[in-house]
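Same order as they appear, the protein sequences are chains P and B.
Heads up: the first sequence is residues 1 to 234, going by this note's numbering.
Heads up: the second sequence is residues 1001 to 1102, going by this note's numbering.
What the hints contain is simulated information worked out from the structure, not anything from laboratory work.
Be a bit skeptical, because a hint or two may be false.
[What the hints assert, rightly or not] Per label pair, the in silico range of CB-to-CB distance:
| id | chain 1 | residue 1 | chain 2 | residue 2 | range |
| --- | --- | --- | --- | --- | --- |
| 1 | B | SER1058 | P | VAL157 | 39 to 45 Å |
| 2 | B | SER1002 | P | GLY106 | 32 to 38 Å |
| 3 | P | PRO184 | B | ASP1059 | 16 to 22 Å |
| 4 | B | GLU1060 | P | GLY107 | 33 to 39 Å |
| 5 | P | ARG105 | B | VAL1080 | 39 to 45 Å |
| 6 | B | ILE1076 | P | ALA166 | 44 to 50 Å |
| 7 | P | ARG128 | B | ASP1065 | 45 to 51 Å |
| 8 | P | ILE154 | B | VAL1093 | 17 to 23 Å |
| 9 | B | GLU1060 | P | MET26 | 40 to 46 Å |
[To be verified] What the simulated footprint calls covered on chain B by chain P, stretch by stretch (three residues with Cβ under 8 Å from a Cβ of chain P suffice, anywhere in the stretch; the number is not a length):
| id | segment |
| --- | --- |
| 10 | 1045 to 1057 |
| 11 | 1092 to 1099 |
Glycine included, each C-beta is placed from N, C-alpha and C at the ideal position.
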Amino acid sequence: MPDSTAIGRRRALDLGGYGAGLRAMMPLLPAVLAFGVSFGLLARAAGFDGAAAIVMSLTTFAGSAQFAVVSVLGAGGTAAAAIVAAVLLNARYGPMALSAATAFRGGWLRRLLEAQLLVDESWALSRRDGGFDRRILIGAGLGLYAGWSGGTAIGVVAGDSLADPATLGLDAAFPALFLALLAPLVRDRRALSAALFGAGIALALTPISPAGIPVIAATTACLVGLRLERQAPA
Amino acid sequence: MSSAWLAVVVVGAATVLLKAAGPVLAAGRQLPQGSARVVELLAPALLAALVATGAFASDESLVLDERGAGLAAAGIAVAVKAPLLMVIVIAAVTAALLRAIA
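With the rest of the complex left out, here is chain P (with noise of 0.2 Å):
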């Protein structure tokens, strides 16, 4: 079976693997529209033009990095501010996707696209005892890609039509979204502790370095987390 041909695998016998990768991340879809959604909306609240949104969602398609982008620039920071922030927050895609690599088949162009569909969530989903289910991340990656992306043009659109998205609180979800990702991530001392410093690094940077900056230095904290596991391991 691994090694049937790829005219074999596309037939229908598969379909049922990738359709229970879309029924998988279903009770996911209305989060990851409406977070769609609110990416679009922010988009263009920082001054994003609608393709940049879209383009986005389509080519990076990882959230909480979309939205440091579009929060450091809305913010007044610089693009390189920006870039490197998204690019320190999906750092975490390297080694995921490494770990998943055995998911994914064929030359190297079907395994860098099929890997554009390993997302937090579709890798969470796929992953079975000792490895991952192909046909379920690819099968959910790709629900939760059609969401992103069509939530974010929906957001665009609506974006046209609504005033100031601060009179909505919009500005408000930012925090809230990135506390609603956090929380699930900080189970043990030493994620808390690398949350707690992150935070009160770019806290206290705040006042005394540009927009992005703070973020970026924050990054450092996950260095005193991993000190903290030596002094008082298990």
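Given the structure of chain P, go ahead and fit chain B onto it with the hints provided.
Then chain B, alone, in the frame of chain P:
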């Protein structure tokens, strides 16, 4: 090229490469334990920094405004395990209502 488009192109290219590097170049290999832990802690550190600056930074100063109130409401929603969409809506509505009153 505007800052927005520059960021879209560079971040997009970097993300494509980050996602593809492992599956294309090193299929089947495992990551060394140490580097995995560093990257694992990058996400909480960065997200916490984004929470803090998103709620309390205004240009280059720290402020306590409706966004802070929205974050507090979001914190309660997260604590009671409200869905993501609900957390976002609660924060936005809280800030919008306070602004409407002010």
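Here is how each hint holds up against the structure:
A hinted range of 39 to 45 Å for the beta carbons of B/SER1058 and P/VAL157 is inconsistent with their spacing of about 29 Å. In this structure the supplied range 32 to 38 Å holds for B/SER1002 paired with P/GLY106, their Cβ-Cβ distance being about 37 Å. Between P/PRO184 and B/ASP1059 the Cβ separation comes to about 31 Å, which falls outside the hinted range of 16 to 22 Å. At roughly 49 Å, the beta-carbon separation of B/GLU1060 and P/GLY107 lies outside the given 33 to 39 Å, and the hint is violated.
Distance hint check: the CB atoms of P/ARG105 and B/VAL1080 are about 43 Å apart, consistent with the given range 39 to 45 Å. Checking the proposed 44 to 50 Å range against B/ILE1076 and P/ALA166 shows it is violated: the Cβ atoms sit about 22 Å from each other. For the hinted restraint 45 to 51 Å between P/ARG128 and B/ASP1065, the CB-CB distance of approximately 46 Å keeps it satisfied. The beta-carbon spacing between P/ILE154 and B/VAL1093, approximately 20 Å, falls within the hinted interval of 17 to 23 Å.
For B/GLU1060 and P/MET26, the Cβ-Cβ distance of about 43 Å falls inside the hinted range of 40 to 46 Å, so the restraint holds. Counting residues of the segment 1045 to 1057 of chain B whose C-beta sits closer than 8 Å to any C-beta of chain P gives 13, which meets the bar of three, so the coverage hint holds. Only when three residues or more bring their CB closer than 8 Å to a CB of chain P does the claim for the segment 1092 to 1099 of chain B stand; here the count is 7, and the claim holds.
Going through the hint list in order, the structure does not satisfy hints 1, 3, 4 and 6.
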